[in-house]
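Here is what each chain is made of, one letter per residue.
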Amino acid sequence: MLCIETNNLTKKYGSSLAVDGIDLEIKSGQVFGFLGPNGAGKSTVIKLLTTLMPPTKGELSVLGIDAAKSPLEIRKKIGVVLQQPSYEMTLSVENSLDKYGMMWDVDKKTRKQRTEELLTSFGLQDIRKKKNDDLSIGQRRRVQVAREFMHDMELLFLDEPTVGLDPSARRDLLDFLKKQVQKTGLTIFYTTHVLSEAEYLCDNIAIINKGKILAVDSPNELKNRFGREKTIKINLTKTSHSITDLLSGIPDCKIELEPEPTITINSSDSEVVLMNVLKILNQNNITINDLSAIPTNLEEIFLKVVSDSNEPNN
Amino acid sequence: MNQIIRLVYRNLTISINPGFIIWQILFPLIYIFVAGFAYTSLIENVPFGNKDLSYPAFLASGMIGFNIMNSTLISGIIIWNDRRHGMFEQIMSGPYTRSDYILSNIVTIGIIGLVSAGLITAVGYPVFFESVDFSIVTIPLLIFASVVGAILFGSIASIISTRLRSSEGFNVIINTVFLFFAFASTAFYPAQGAPQPLATAFYINPLSYLVDIVRAGIFGQITDFVIMEMAFLIVLASVLFVIATKLLTKLDF
Ligand SMILES: Nc1ncnc2c1ncn2[C@@H]1O[C@H](COP(=O)(O)OP(=O)(O)OP(=O)(O)O)[C@@H](O)[C@H]1O
Ligand SMILES: [Mg+2]
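If you read the protein sequences in the order shown, they are chains A and W. Under our numbering, the first residue of the first sequence carries the number 1, and numbering increases by one thereafter. Under our numbering, the first residue of the second sequence carries the number 315, and numbering increases by one thereafter.
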């Protein structure tokens with residue numbers, strides 16, 4: 001089933017275009033990553049999808065419900081952790097969870113049980129009696145994310161949930177989310193600037209810039225599509241000055257002898273190029289000390305896709 | 315409806331704390347007893363309709379109206395805090411609509427207004443029991459005053475809270491407005507005998523109307539003028555409520 005479907009989704013703030021005709025189709029039961037530089041339009045898309053504000057143009061349906069017709073019906077089935085903090089100053093941590101559950105009409109017994117579970121899962125047991133006003137920024141963020149799991153939902157929006165979390169809290173959260181998806185079939189719409197996080201968590205990823213979607217695919221497919229260019233470093237036992245001439249005949253690659261005696265090869269067809277290089281080195285009795293291939297990561301792909309889209313002819 | 319009850323319950327849990335109770339209930343009571351009797355030597359009797367009220371009785375009944383107005387501050391504070399701390403957006407992205415939110419605020423201040431008016435009536439009773447003239451309209455008039463007053467002043471507080479971003483600005487403006495209402499009204503002293511400009515100011519002030527209605531209920535003096543005041547309050551409360559709702563509906567995220 002399609003969980004989110006948008007057609008030419010557009011949002012203008014005054015005359016500035018924040019979301020520029022987005023078409024999205026997101027299937028249920030996955031973590032969908034939404035990546036893009038500051039001001040790309042990620043949070044705006046989340047506000048549109050959660051019906052916090054209406055689009056300027058275009059259609060959207062969430063969980064099969066038309067957002068223009070029944071926004072409240074959508075909101076009853078989703079959870080949202082917005083980018084900005086939200087909390088009730090005067091409530092204690094445990095009370096925040098409980099009252100939030102109450103607002104979602106969760107019965108008392110379930111509330112009690114979930115509060116305990118979430119306090120443990122989110123490492124909040126020690127500060128359960130503290131008032132929100134007295135928490136650190138990261139602790140407050142943890143309460144905000146934990147709170148959202150007090151109620152049942154089919155789709156959860158998380159707008160940079162890990163900002164301010166320490167590395168272990170971050171990892172705990174990612175694992176918690178993975179488990180929720182497996183256990184309940186929850187769909188998660190996830191934004192982050194930490195690309196290793198997206199790589200670890202997301203089944204599919206969209207990259208957005210200036211309100212436009214640049215690419216949508218699984219992390220592996222994205223790497224295949226945009227990250228074919230690999231870097232291979234061959235460390236030779238000694239420098240041989242004729243080597244640049246010897247290798248200059250190999251097509252489709254950029255070869256540098258720097259820093260000596262290391263050969264750096266950049267190519268989108270790295271396997272073939274590598275075979276050729278090795279053959280020539282072998283024929284000329286040049287011995288190899290060490291060889292390494294640097295795998296492309298999502299970060300490089302992200303940088304490449306975004307910088308390509310920023311080129312003037314784009 | 316369920317939604318509104320849940321939001322009201324939340325509003326009450328987040329706003330009722332010792333500080334609020336002291337300000338809302340204890341302070342007015344102390345004021346009635348201390349100021350009421352201290353000023354008796356200055357202001358002997360206050361003519362009201364065909365009666366003479368003792369000053370403590372006059373003040374205690376005025377305090378009920380003042381308290382209804384004061385309770386509505388809570389609505390402004392709730393809206394302001396909700397916006398400031400992201401809860402307004404959070405609630406609006408949950409199973410609620412803006413009308414739920416607005417209605418729940420009105421009900422919240424209605425409840426706080428009624429309870430504090432009731433408490434002051436009960437505790438103030440010994441002070442004004444000599445002059446009371448309870449009738450079948452007493453309770454309805456008190457409820458009318460609490461509800462219409464809550465909507466009227468609650469809307470004013472909401473309007474101010476939607477226009478201001480900083481907490482200092484919000485506090486200064488709302489306290490100034492309410493201080494003006496309180497002291498340029500018939501809550502604490504009668505209009506008779508006041509200098510002409512002040513007496514006029516008393517009657518461009520909705521709190522004076524509210525207090526008149528409360529006194530009419532307690533001392534059994536329902537005149538045509540009081541009925542006119544009731545009509546005026548209904549109209550003003552409706553207009554302000556519509557404006558507050560519009561502003562709150564237009565709030566951007
Ligand atoms: N309330 C607003 N009024 C006017 N313009 C806005 C408003 N909110 C966002 N924008 C503009 O819309 C564009 C998209 O903003 P958005 O918050 O969606 O970006 P984002 O991708 O979430 O960025 P970040 O990574 O910094 O959170 C930006 O250019 C921003 O300046
Ligand atoms: Mg954002």
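There could be a bad hint or two in this list.
FRET-style restraints, in silico, Cβ to Cβ [unchecked claim]:
(1) A:112 - W:365: 48 to 58 Å
(2) A:182 - W:433: 20 to 30 Å
(3) A:134 - W:450: 43 to 53 Å
(4) W:497 - A:184: 56 to 66 Å
Derived PhoX-like pairs (lysine-lysine); straight-line CA-CA distance at most 20 Å [said to hold, decoys possible]:
(5) A:57 - A:76
(6) A:57 - W:560
(7) W:564 - A:12
(8) A:210 - A:57
(9) A:99 - A:112
(10) A:304 - A:254
Just so you know, the hints here were simulated from the structure itself, not pulled from any lab data. None of these values were measured; they are calculated from a predicted model. We put the CB at the ideal spot given by N, CA and C, even for glycine.
These are the hints, each one checked on the structure:
1. A:112 - W:365: 48 to 58 Å: This hint holds: roughly 57 Å between Cβ atoms.
2. A:182 - W:433: 20 to 30 Å: violated, 55 Å
3. A:134 - W:450: 43 to 53 Å: holds, 52 Å
4. W:497 - A:184: 56 to 66 Å: holds, 59 Å
5. A:57 - A:76: The given pair, whose Cα atoms are some 24 Å apart, is violated under the 20 Å limit.
6. A:57 - W:560: violated, 23 Å
7. W:564 - A:12: holds, 16 Å
8. A:210 - A:57: holds, 17 Å
9. A:99 - A:112: Cα-Cα ~11 Å, so holds.
10. A:304 - A:254: holds, 18 Å
Hints 2, 5, 6 from the earlier list are contradicted by this structure; the remaining hints agree with it.
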